[in-house]
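If you're matching them up, the sequences are chains A and B in order. Quick note on this note's numbering: the first sequence kicks off at 16 and runs consecutively. Quick note on this note's numbering: the second sequence kicks off at 16 and runs consecutively.
Do not rely on the hints blindly, as some may be mistaken.
For identical chains, the list gives no copy identity; a pair is met inside one copy or between any two copies.
To be verified - Okay, derived cross-link-like pairs now, DSS-like style, lysine-lysine, Cα gap no bigger than 27 Å in a straight line:
id	residue 1	residue 2
1	K131	K53
2	K23	K110
3	K54	K110
4	K131	K54
Hints listed in this document are in silico derivations from the structure and should not be mistaken for laboratory results.
The primary structure of each chain is shown beneath.
Protein chains: 2
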Amino acid sequence: MIEINFSKSADGLVPAIAQDYRTGDVLMLAYVNIEALKKTVETGKAHYWSRSRAKLWLKGESSGHVQVIKDILVDCDEDCIIYKVDQVGGASCHKGYSTCFYRRITEDGFEIVAEKVFDPSQVYG
Amino acid sequence: MIEINFSKSADGLVPAIAQDYRTGDVLMLAYVNIEALKKTVETGKAHYWSRSRAKLWLKGESSGHVQVIKDILVDCDEDCIIYKVDQVGGASCHKGYSTCFYRRITEDGFEIVAEKVFDPSQVYG
Numbered sequence: 016m017i018e019i020n021f022s023k024s025a026d027g028l029v030p031a032i033a034q035d036y037r038t039g040d041v042l043m044l045a046y047v048n049i050e051a052l053k054k055t056v057e058t059g060k061a062h063y064w065s066r067s068r069a070k071l072w073l074k075g076e077s078s079g080h081v082q083v084i085k086d087i088l089v090d091c092d093e094d095c096i097i098y099k100v101d102q103v104g105g106a107s108c109h110k111g112y113s114t115c116f117y118r119r120i121t122e123d124g125f126e127i128v129a130e131k132v133f134d135p136s137q138v139y140g
Numbered sequence: 016m017i018e019i020n021f022s023k024s025a026d027g028l029v030p031a032i033a034q035d036y037r038t039g040d041v042l043m044l045a046y047v048n049i050e051a052l053k054k055t056v057e058t059g060k061a062h063y064w065s066r067s068r069a070k071l072w073l074k075g076e077s078s079g080h081v082q083v084i085k086d087i088l089v090d091c092d093e094d095c096i097i098y099k100v101d102q103v104g105g106a107s108c109h110k111g112y113s114t115c116f117y118r119r120i121t122e123d124g125f126e127i128v129a130e131k132v133f134d135p136s137q138v139y140g
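Just chain A, same shape as in the assembly:
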């Protein structure tokens, strides 16, 4: 059923872009293997493969900020996917911003362009 090309990268992972299904904002990018993608399709909640922890990762398992799947898109080369999601809690970033892409690159360094939605110390303890 799922025809994604996991063989292109040495680690068998493909990037998955999480995009807010209402606003179109790109929330984050993480990686999936076949296990994570199957789990996502089965449960309707975004799962990824955590490269740092080397394990299946239900986004929001600590914070409660799960991503409810609205649609899954695939690109022309079948080596990248988009999760269109409803972001519970309104924030995808562990630093408290609605999106992980809360900074722009300028000639003088990074400039913050998003609002903080929550205080990470309150959510992660």
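Given chain A, put chain B in place with the hints provided.
Relative to chain A, chain B alone:
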């Protein structure tokens, strides 16, 4: 000036998401190294590192469908970027669609959800 963490992946590349700056549509995902990112900042046109050709790639060098940079965002881990772009010609995909993500995954396979903007045989000859 550019503080991106290129050391996380074995090949020194980070994913770059091209997003339409007007509609928010995700157009494509490709990869950049420091050379491609610097060239993008210098020229104001999206450059990537082609993994298949192992060379610097000006998007649109064959088709003329260049991507004019409106903004560059970076994520919390500094290992992924977004190019917010004005897509010349209205199409980013070499298959003729406005976006490379022109299909959704369904239980019965892929379903096309985008419109063809051009005929690839006319553009690439």
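Results of checking the hints against the structure:
In the homo-oligomer, the alpha carbons of K131 and K53 never lie at most 27 Å apart, since the shortest distance is 32 Å inside one protomer and 29 Å across protomers. In the homo-oligomer, the alpha carbons of K23 and K110 lie at most 27 Å apart only across protomers (20 Å), although the nearest pairing inside one protomer, at 31 Å, exceeds that limit. Only within a single protomer do K54 and K110 lie at most 27 Å apart by alpha-carbon distance; the minimum there is 26 Å, versus 30 Å between protomers. For the identical chains of this complex, K131 and K54 are neighbours neither inside a copy (30 Å) nor across copies (32 Å), given an alpha-carbon limit of 27 Å.
Taken one by one, the earlier hints fail for this structure at numbers 1 and 4, listed in ascending order.
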